[in-house]
Amino acid sequence: MLGLSKKDTTFLLVVIFLTLATPILLQPFPEGSAMAQFNAGYPDLMQRFAIYGIFAIGFNILFGLTGYLSFGHAAFLGVGSYSVVWMYKLLSYNVLPGLVLAVITSALFALFIGYISLRRSGIYFSILTLAFAQMSFNLAYSVLTPLTNGETGLQVYTDDPQILMDAASPNSPHFFGILMIESTKVNIGGWQFTFNNGYYFCAIIAIIVFYLSLRIFRSPFGTMLRAIKTNQTRMNYTGLNPRPYTLAAFVISGMYAGLAGGLLASMDPLAGAERMQWTASGEVVLMTILGGAGTLMGPVLGAGFIKYFENIFSKINDNILHSWFSALPDGVEDAVVFLVHPFIGKGWSLTLGLLFMMVVIFLPGGLIEGGTRIWNAITGKNRKSNKPGQDGKHHPKPSAHVN
Amino acid sequence: MGILEVSNVNKRFGGLQALGDVNLDIAEGTVHAIIGPNGAGKSTLLNVLVGKLIPDTGTVMFNGQSVLGRKPYEINQLGISRVFQTPEIFGDLTVIENMLIPCFAKRDGAFRMHALKSIASEKGIIEKAEHMLSDVDMTNKRGMTASSLSRGDKRRLEMAMCLVQEPKLLLLDEPTAGMARADTNNTIELLNQIHERRDITMVIIEHDMHVVFSLAKRITVLAQGSPLVEDTPENIKGHPKVKEAYLGEAAA
Amino acid sequence: MDAIILQLLNGLDKGSAYALIALGLTLIFGTLGVVNFAHGAMFMIGAFCAVTMQKILGISTITLDPEKLDFLGKPLQIKTPIVESLFGKGLGDSIINWSVPLSILLAIPVMLVLGYIMERGLIKHFYKRPHADQILVTFGLAIVLQEIVKYFYGANPIPTAAPDMFRGSIDFGVLIGFAENAIIYPAWRLVYFLFSMAIVGAVFAFLRFTTFGMVVRAGMADRETVGLLGINIDKRFTIMFGIAAAVAGLAGVMYAPINSPNYHMGMDFLVLSFVVVVVGGMGSLPGAVLAGFLLGILESFASMNEVKSVIPGIDQIIIYLVAIIILLTRPRGLMGRKGVMEE
Amino acid sequence: MSQIELIKGGAEIDRPDFSKNANQAATAPAFLSVHDIHAYYGESYIVQGVSFNVHEGEILALLGRNGAGKTSTLRAIAQIGSPQMTSGEVWLDHQALHLMSSHEASRAGLSLVPEDRRIIAGLTVEENIQLAQIAPPIGWSLERIYELFPRLGERRKQEGITLSGGEQQMLAIGRALARDIKVLLLDEPYEGLAPVIVDEIEKTLNIIKEQGITTILVEQNAVRALKLADRAVILESGEVVFDGTADEVLHNEQLRHDYLAI
Amino acid sequence: YMNEPKGGSVVFGFNVPQTGPYADEGADELRAYQLAVEHLNGEGDGGMIGTFSSKMLKGNGVLGKKVEFVSGDTQTKSDAARASAKSMIEKDGAIMITGGSSSGVAVAVQGLCQEAGIIFMAGLTHSNDTTGKDKKANGFRHFFNAYMSGAALAPVLAKNYGTDRRAYHLTADYTWGWTQQESIQAATEGVGWETVNNVLTPLATTDFSSYIAPVLNSGADVLILNHYGGNMVNSLTNAVQFGLRDKMVNGKQFEIVVPLYSELMAKGAGPNIKGVFGSTNWSWTLQDEGTKAFVKSFGEKYGFPPSNAAQTCYAQALLYADAAERAGTFDPCGIAESLEGFEFDGLGNGPTLYRKEDHQCFKDVLVMKGKEDPTNEYDALEIVEVTPRAQVEYAPDHPMFAGGDLGKCNSGA
Ligand SMILES: Nc1ncnc2c1ncn2[C@@H]1O[C@H](COP(=O)(O)OP(=O)(O)OP(=O)(O)O)[C@@H](O)[C@H]1O
Ligand SMILES: Nc1ncnc2c1ncn2[C@@H]1O[C@H](COP(=O)(O)OP(=O)(O)OP(=O)(O)O)[C@@H](O)[C@H]1O
Ligand SMILES: [Mg+2]
Ligand SMILES: [Mg+2]
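Protein chains in written order, with my numbering: chain P, 32 to 434; chain X, 1332 to 1583; chain W, 325 to 667; chain A, 2 to 263; chain C, 214 to 626.
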């Protein structure tokens, strides 16, 4: 179906199901229960999962397939966001023109940066992309303020032209009248589920671009990209010019990033310069590696993982801790809270840092690898125990590019 | 006039004259061996032929076109394929994927973006690749990751990747080094078959005299960067200078 | 003219900080091939060794002064540093005063141990892993180290003073024949410059005049074969790592009086130090030092008003711009070796 | 791993079992003794219980088809760690190599010339040799090595990996001789060498032998190897299928046909 | 209206930096908020509720509902701050959002609250834009701003350093820096000073040496550092290292001014701030009843005196609660209405007005100086002058604030 093998079709259907059911799946705990803190089924976070998922999928097309590690992809994220907000300011709150512009501008920007940076490989390439992105960030923060509104971030003001707006037009981002901020809340038992337009808008786009990336992975083009990663000498002597292939991959992943940036601004009509900073570029690198570079679903998982910690763990404060452990005797309660305290709330990044380390140490190959192992353990597939972290010239590479 | 003409090629590395006044004329459809002591400049000459090295002076014409200054992929697109002294394959890819890539390169040229086409739908290409794999007797390894092949198998794979492109000129740098005797014989047979069936011109560099004498129609002996003699295998065998500088007891 | 010399001095001084940080990084990254995102954190920990030393020397006995009251109306606490009670006020004061140089004594063992633990416990398993994995694990480690420091010292910068002797500035211009007050330069920055030169020299000498450098380079290129030749490469890698950590730590200690240390100072320098190492060329120590000075000097010149008025915002991007130009014109940076981290 | 199973499946039917000879042949006390070693690459089981003995000063030819596990066996003996040896013992002159890491094994007197030569990038010819002379025990001097391979002397300042294939092979052997060794493991040393040089190296191996150094030689040119060797071990699918004297193989048509295809 | 509280409790959202350079400031803000919640719910000693001129708050929660809170991390990034605020609104049902430690974040979150129909009570934000060009009907600022700093500082500077001074500005190259510089330049030129130069410094600068070095020979005799946080600590430290303050220029002692001070920055800069002038919103050393009450309850709970960021956050929480009581509803439009034009006293800043036109509080501004001889680590700054409110007021359409539009209050319905 859809030009996919049977296995891939099943895979895609599972992904579609999971994506559409996210508002339910991420809300496993009843409202008001102590564990409700861990629910993630609210619009903003779900949107972020989808959007950063798109960002990471795109990044993976470049990094996972060709091995070129870009440290400047946030630049395209930023460009995408600015494009969309400018379309709000000039035309109207309909997100479509902005998204189209976001993809076009980020493609052009990626073409420019990629054309120059791809003259080098390895770490030299990474630093070139980093340099471009950091220049973009620094300029956007200061000198380019007329274009970017600097520190404050680009936003819509009432005196902006908005030439396509009339009195009846919605006053917030929408897709032909479907308001992004609107949600339907459904209460079932103690549970509350929020079905948000914006999320579904992102989710459908995410599914489409996921499908496209699946096709790319399975295409001759995808194989060429993996070949480039393995042996450029052989590539050359086989009569293939690696440059246009890598450039195409770079531009495609830049467009994914631009689309993701555009969607960020479609959900929330603001574009800040920080989106271009190296930390943002680094974040997508981390997402991809954490989930499993070169796998289809890994980067999305990695994105979800990081965003979850950032948004859920940072909000657990001592008060909440005390309420969880209030059943314990006073002294014990205080002791437990004292022990857990450094890892939550303002310590969320400590926890994230520790988890980064654990994942790479114990699950080389990322979360997907971990999932595969658990799956194998359950189904009894693995015949011999793996020895992670073992030094050796050859690391059996995960050859399956599904999951 | 030959398919490949090398005239007056010189190449220096610092103080070392790696190639000195090399002239070579390789006739279309022949199998031409280049032999010579270690460090004689054989691999260097090959590197000049494929555009990896640019000689200090001289010209190299392939089918009437100069190959100098062209990128390796352009030279391949002209119809020259190369097998390396240490196998260059796509280690992370499976054997069959390794085979598909040269097939695409042959069909689509140096760059063609089939981003949304599925490989599975490329029936013709897959068939061609499979066929070649069975020719080199590696069908049962089609799903293996190439880097975990044994070295003899890596060589065989590389050769198959070159042959599947049906080049006009095939350059082989010690194609049977490290191969078991039985496989060496198979390879000789394979190359002979290919040569007959497809009429590919081959240039072989090889130290295994058994291979050289089984395949070559003409032999050039290179010594210290310059051709010593060029002749038929029979004459080379008996040539006293060659015996002394190169063959040693093996000639016996 | 004096303005130019002044900026040149600034450039050399900034450059020496960059060079020193990049030197440690290039030992791990350019030589051992580990993309070490925790290097900034090691620099930061070095600086906090100085802070800690200051704190240790400041440990005090507390007496209450019932005459004076604190902000809540309770008797005021008077603190007397124990060092003072031990060595008398005069000597005690000068020990406290010299706490930053003294903390070198603390930093060297701390950093060596830290480097040892890091290498043996963690990095060892990552030499053969993809660079991406190295990034993830060292970035995680950097966050953890940073958060630990934040937990104990807070997020605010902590002022750390140089000895009184070096606290002021020197009229450098007079020394080289300029008018008075033309070129005024902080004494401690000159100390920092000389100190980094000494460290750079020492590391160079060690790697140049012993076979150590050659063995480590060989081990990087092919661990297995070096092992087959009877060399315990693991041990040497550990030593190399320890040296790199110590260099980073020393860079941090001496930097503390220049800018008050805070827990994220390492991250601030991280990107920059990678740029310096790569612009210098992978695997080249002299390259890293040269690039450090080059970028430091260019950055200083770019921040001159005369330059900024011609190209607004140039100081925002100069480092990156120069990095791009250098990498495009010289494929392996200023002095990079072939084949290191190009795959 | 699948291919091993494949080959094995067909191999066991009608072949006489020569591996019994293994223990009978061991009359003198073994100098190097390899006992029942098993080794894996990740999850692929490659060396499947290999045992043989080598006497002091002997040249042993280790033969077998491509992929039979010769390289893997040598690497397991040298304790490189890949393939990972999971069980078995290797004794060299009363030292338990299997308890050592590769650099300790090297210090105990073992030296491997790897099949792909492993010249170290970034080092000159001379540095490549000097590297072998850092850890004790040190063997031949630079001068002596250059005497054996004059080409190396001429190119001492050249970067090792820019040498021609054959020159690299000389460097690899020279580098091994720069260490004072008891056992030399040679993995296809003739590969890529001009016939004259092969003659040369053969002579060298005889010189080495006269000095009492024990050699294990892996070589595709079986006839050539057997002529030089005292004894031969043949591997197939990671197992020993023959252990006996070199002459036995040279003169046994069926053996040669079955296991070496010659 | 949005997130109307249904049960017996109402949720406040405290959005403060918990990671990044302003984490300590954020922690102090959070302490103040927690204290405010305690006091609103009738726990503790009641703090400034007792001194607050409006007597609506009774320590029984707000409108009879118990106050609960959620906290989040802004990371001092507008994206993260908005994400955090959104999760409070969407997930936790927060009725209002308050906090923050930078103007970029304040403007970003204020915009978000306007769109979502939630009241935003800004924390520490000093840019003129927050209640100027970026003002929003749902946003309220208690903290003072750059214009007020300038207006308060200039006369004091003139008095201490004379009217014949030449100033050299170093300015953080982003919006807040620019508005601050503009304000200070206008104010100092108003008292007769000359501006020699204004140099913009990149945000990421940690070493300011190359910006400081040319100052001495520029003909300027005063250096004004329009920096905040780590930038300010570093630029001031560097300036002192270069010996600027020991020099005589144009026959006068060279001076440094830091228009916006905070206690934490003072601590970070250490002895370098001695004698340096700046301004703050409030200081724990004030002696009015409100301040004393607040310092007492904060000090007893946490063991050290509160910062001016803590005070503004505490005040904002109380002001919101009081407005809800007076409006009798949590409806943002009702609250906005009762805050607009509200006059009050007893929260530590003297008589204060929440101006209707731009939702900016007008109150006295403190001119501070680095103390020459601090008696303890919390005593780095001393009050030089309490500049009366009248002197720092400006018209709502003042050019530095022009261009914005409050818009209409949004209750999210
Ligand atoms: N990049 C280089 N720099 C310096 N010398 C080089 C370089 N490449 C090759 N040489 C030298 O040039 C000579 C010719 O080398 P080449 O590899 O062509 O020999 P060859 O005939 O292929 O030998 P072999 O049969 O041993 O492979 C050798 O002596 C080699 O050391
Ligand atoms: N790194 C590796 N990972 C997985 N399998 C491997 C690896 N290296 C070798 N193998 C497999 O182990 C088997 C034995 O390989 P080995 O290299 O020991 O054979 P060999 O006898 O030396 O062959 P050749 O004569 O071709 O060199 C082969 O089937 C090969 O595919
Ligand atoms: Mg060669
Ligand atoms: Mg082998």
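For the record, the hints were derived by calculation from the structure and aren't laboratory data. It is possible that some hints are incorrect.
To be verified - Once the Cα atoms are required to be at most 27 Å apart in a straight line, the calculated DSSO-like pairs of lysine-lysine come out as: (1) C:K621 x C:K487; (2) W:K662 x X:K1402; (3) W:K398 x C:K569; (4) P:K37 x X:K1454.
Any of the earlier hints contradicted here, and which numbers? 1, 3
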